[in-house]
Amino acid sequence: MPYAIRNSHIQHLPTLVANQIAAGEVVERPASVVKELLENSLDAGATEVEIEIEKGGINLIRVRDNGCGIRVNELALALNRHTTSKIKCIEDLESLSSLGFRGEALASIAAVARLTLISHFHEANTGYTLQINDIQEMSEPVPIASPVGTCIEVHELFYNTPARRRFLRTPQTEFNHIQETVKKLALSCFNVGFSLKHNRKVLTSLPPATTESLQQQRIAKLCGQEFLEHTLDVHEDREALQLHGWISMPTYSRSQANMQYFFLNGRFIRDKLINHAVRQAYRDVLYRDRHACYVLYLTLDPKLVDVNVHPTKHEVRFAESEQVHHFIVATLQRHLATTMPKTEENTQPQSIVATEPEKITKNTESTLPSLTYHIQPKPTRSAVQETLQTYQTLAAPNSSKITVPQVSNAFESEKTENFTEKITVPQVSNAFESEKTENFTEAIMPPLGYALGQLLGIYILAENKKGLVLVDMHAAHERITYEQLKVVWQTKKNNDVQQLLVPETLSLNDQEIATAKQYETFFKRLGFKFDFSDKKHLLILEVPNVLQKTNIGTLVQDVLADLIYLGVSDRIEEQILTKLASIACHRSVRANHQLNLAEMNNLLRQMEHTERSNQCNHGRPTWIQLTQKELDALFMRGK
Amino acid sequence: MYFEITRKELTNPLKAVVSTIESKQTLPILANVLVEVENNTLRLTGTDAEVEINCTVPLEASIGSDNDGAITVPAKKFFDIVRALPDGAHIQFNQEDENRVVIKSGKSRFSLSCLPAEDYPSSPEINSTLSFNLMHRALKDLLAQTQYAMATNDVRYYLNGVCFDFLEDKLAVVATDGHRLALATEAFDLAGKETMQVIVPRKAIIELSRMLENSDDSLEISMDANHIKIVLSDRLTLASKLIDGSFPDYWGVLPVNPNRIVTTQTGELKQALTRTSILSNEKFKGIRFALSLNNMVITSRNPEQEEAEENLMVEYNGEEMEIGFNVTYLLDALSVMTTKEVTLHFIDTNSSLLITPKDLEDVKMVIMPMRL
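Listed in order, the protein sequences are those of chains B and H. Take 8 as the starting number for the first sequence in this note's numbering and just add one per residue. Take 613 as the starting number for the second sequence in this note's numbering and just add one per residue.
Chain B with its partners taken away, still in its complex shape (with noise of 0.2 Å):
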């Protein structure tokens, strides 16, 4: 121990002291002073806020409010530490509807800054304006010209805390800090207008969005058009519980986790158990290591969630986390299972899954199509020569050489059958007879059309409504088979199980073997068995068939850590569906699998009834659509 520690005596630190090392914990950076400030302007019920900001919030931070203002001699009090009018008693907290609650945010910004107060309570006939001086100490309030509310002027932040200045980025990087801050404020309060400025340039400029078009202008205003346009509709409510937003469309993702924002009860979070929902209900729809993008609101009791977890507040606790995590995955599984082809741009999951089926039957019964053809062959190569005079052969009117497709686990065989027997009476005739094709394809067609034929033995060529429909065949028919599997798998109420011989052994820690001890029965239920006679080891008796000659040790033990970690684990279950993924994989079609029309035009039937077929089981397409429009303008058609 240093000599200086060991003579010095025990005291009281200074206020200032104190209080700048409290403000460490709350201004971290000019974009906290924006984050607590706008919070407080929010909490006064303020509809237009306007931020001004110089040299990156280093020179000047200003944020000016219509709210409620405060009263004039509650002027200084506010800037003491631990005031605040938002909560009275710790009861409060637990119905905690304003962002703020600590009162300490102006006092650690003044402790920090110099610092401008001007207010003008609502009840009050003029505004007053306050000061505080480097040596930390208050001017009296006086008078002053202003609009009703409040305005906070910082200054020269970090003045007096040399250390956190060097750590500060250029203006630039702090000013996106503060754009960012902004725009999860802009998210979280709708009815709210905002407009930011920087270096004397107004930079963002949000009107308050009271409908839900507005609201969408908003969002593509914050996120990008291109986000909303590959948005999902979220809106789930439960009693307890409600989420709605938008998330992104599987095949529309990031390579960064950056936009990616969860509201709980009108706080922006970022909290390790909602993010682990959010990969787990995009499981098997994302590519690779790619981040889906989100706008959430989650509503709940504020009862039931803790958010005096740090001074910050991005972190929560949940009372019910395993409850949460499942509602949230759940939710946005079954709003991701509606990414199928669909005729309508309708995304509400109800709606498709009840009609869409008795549509397509309805539609294949009542009329007669007739398909136009455009057979202009210009063979490149020899396979697509081959391809479409098979095709020839097969569209000829003698049709009665078609077969019925003998798709394994076909959905309904009787509907594919009434389907091909419809199909195979074309007319062959040219086409450009645009009225005719165009009455055609409004009557029946379906979302993904009919087959032309097969491109390079990869592609199956479809032309529907809107122009070209080009879908990769092996992508395509290993998520229906990958479907088909974990229907069979799900529906199954327990995994086979393989009783082990040789028990695997594991030595775990006390904490790992109390924690299986704990989650028994949800081992049980995917198949596992314990032994928990040794006190070291954890002896696993029994696994899942499905997992056999995977490393079951290191599952077990991930999945410890998981339960440990967060509470939930869904390491089995993923590991089980990857499985089912290569094992639909092996059964699909592969490339150069030669395929007739009738055949092709069942697999894009399937794919219309498959949940989630607009991605194979890796997040890759299955499928794009080249409109009329698009190909026009290779062609540079009416220009």
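Heads up, some of the hints might be wrong.
Taking lysine to any residue and the SDA-like style, the derived pairs with C-alpha atoms no more than 20 Å apart in a straight line are [to be verified]:
1) Lys531(B) x Leu562(B)
2) Lys895(H) x Glu918(H)
3) Lys815(H) x Lys895(H)
4) Lys895(H) x Thr498(B)
5) Lys556(B) x Pro813(H)
6) Lys556(B) x Val767(H)
7) Lys556(B) x Lys895(H)
8) Lys895(H) x Gln497(B)
9) Lys493(B) x Pro915(H)
10) Lys586(B) x Lys895(H)
11) Lys627(H) x Asp766(H)
12) Lys499(B) x Glu918(H)
13) Lys895(H) x Thr634(B)
14) Lys782(H) x Ile715(H)
15) Lys895(H) x Trp496(B)
16) Lys279(B) x Met266(B)
17) Lys815(H) x Trp863(H)
18) Lys620(H) x Phe722(H)
19) Lys499(B) x Pro813(H)
20) Lys349(B) x Thr634(B)
21) Lys320(B) x Tyr259(B)
22) Lys556(B) x Asp944(H)
23) Lys493(B) x Gln917(H)
24) Lys191(B) x Glu57(B)
25) Lys556(B) x Glu918(H)
26) Lys556(B) x Lys782(H)
27) Lys895(H) x Met266(B)
For the record, the hints were derived by calculation from the structure and aren't laboratory data. It should be emphasised that the depicted structure is a prediction, and the values quoted were computed from it without experimental measurement.
Fit chain H to the supplied structure of chain B, relying on the hints for placement.
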């Protein structure tokens, strides 16, 4: 170094040796075969640094001791050349300089790169702690009845091989992959020496069972704590490292006093299982036995809800019971049964099944059930 030999004499020894050598190697010399000439004898050695096979061939033509020497050449290429030569071909093998070997035969000429023999991994020295003789046929049978149950690439490395347990009055050969176990014993007199248990790695077992013959010839086995050496004949030797680990207590997993005994024809049961397996889940192969008086029903069902059912007349007078198994394990065990009839010893739905040849005690197969 120089020698001459006929293709016929060279092919088989070379084939035996080359089989241990992995063609894909990070260490180039391990893809080579060691060729040595000494005292009018040709000696070929192949190794993958774990298993080594060594074969000698006497040379006919007297070539003189000044042609003695040792060199390594690419194994696969050398063997392919020899194999592709015409039947009665006469081969001349000549080392021209430090890194070139020329093989001539009639009008063909091949020049191969070579590496010095000193760099070749040397054979393990065995300070034999135990050595004994055994008949080819006996070892071949022991391995045939057990090796199918070895694990492949299991993290429990000690399961990736066959355990030889030298007990006082018998030799027990046993293999398990953690799901099933195969045990075969042979009367054996340890003659007062210390008992010993060794695990021979999978690759050595596979090579060994390929080289064993169905004859009454004797072979000599010697081993120490880390190595085993098997002299199959005066020309052919296999040496291998041993797996360092302790094999699970296999006596402990044998069912104790099974009381539900089924006796049936091996062939009939096997055929019924083969048919039933067609409609079991193609990946996980579950089937179900239902036992009743002198009757056994085997059923299977796949995810497409297709079903198979086989009725089999058996000798059984125990209580009725049902139990599930992985049919692959059952078929593996039955395939190596040599007797016409087998006995299945059950305890209950959750306990392991013991299969033995009827009235024989020296072969035991244990299979854990599956809950379907």
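Hinted pair Lys782(H) and Ile715(H), Cα distance within 20 Å: 50 Å, violated
Restraint status (C-alpha distance of Lys556(B) to Val767(H) at most 20 Å): Cα-Cα ~10 Å, so holds.
20 Å Cα cutoff - pair Lys499(B), Glu918(H): OK: Lys499(B) and Glu918(H) at ~16 Å, within 20 Å.
Pair hint outcome, Lys895(H) versus Trp496(B) [Cα-Cα no greater than 20 Å]: 13 Å, holds
Hint consistency between Lys627(H) and Asp766(H) [alpha-carbon to alpha-carbon, up to 20 Å]: At roughly 29 Å apart (the allowed maximum being 20 Å), Asp766(H) and Lys627(H) break the hint.
Restraint status (C-alpha distance of Lys493(B) to Pro915(H) at most 20 Å): 11 Å, holds
Pairwise hint evaluation, Pro813(H) against Lys499(B), where the allowed Cα distance is 20 Å at most: 40 Å, violated
Lys895(H) paired with Thr634(B) [C-alpha distance capped at 20 Å]: 42 Å, violated
20 Å limit on alpha-carbon distance, applied to hinted pair Lys895(H) and Glu918(H): Since the Cα atoms of Lys895(H) and Glu918(H) sit roughly 15 Å apart, the hinted pair holds (cutoff 20 Å).
Pair hint Lys556(B) and Glu918(H), alpha-carbon separation not exceeding 20 Å: The given pair, whose Cα atoms are some 26 Å apart, is violated under the 20 Å limit.
Straight-line alpha-carbon gap Lys349(B) to Thr634(B), limit 20 Å: 15 Å, holds
Pairwise hint evaluation, Thr498(B) against Lys895(H), where the allowed Cα distance is 20 Å at most: Roughly 18 Å separates the two Cα atoms, so the pair holds.
Hint compliance for this structure: hints 3, 11, 13, 14, 17, 19, 21, 25, 26, 27 are not met, and every other hint is.
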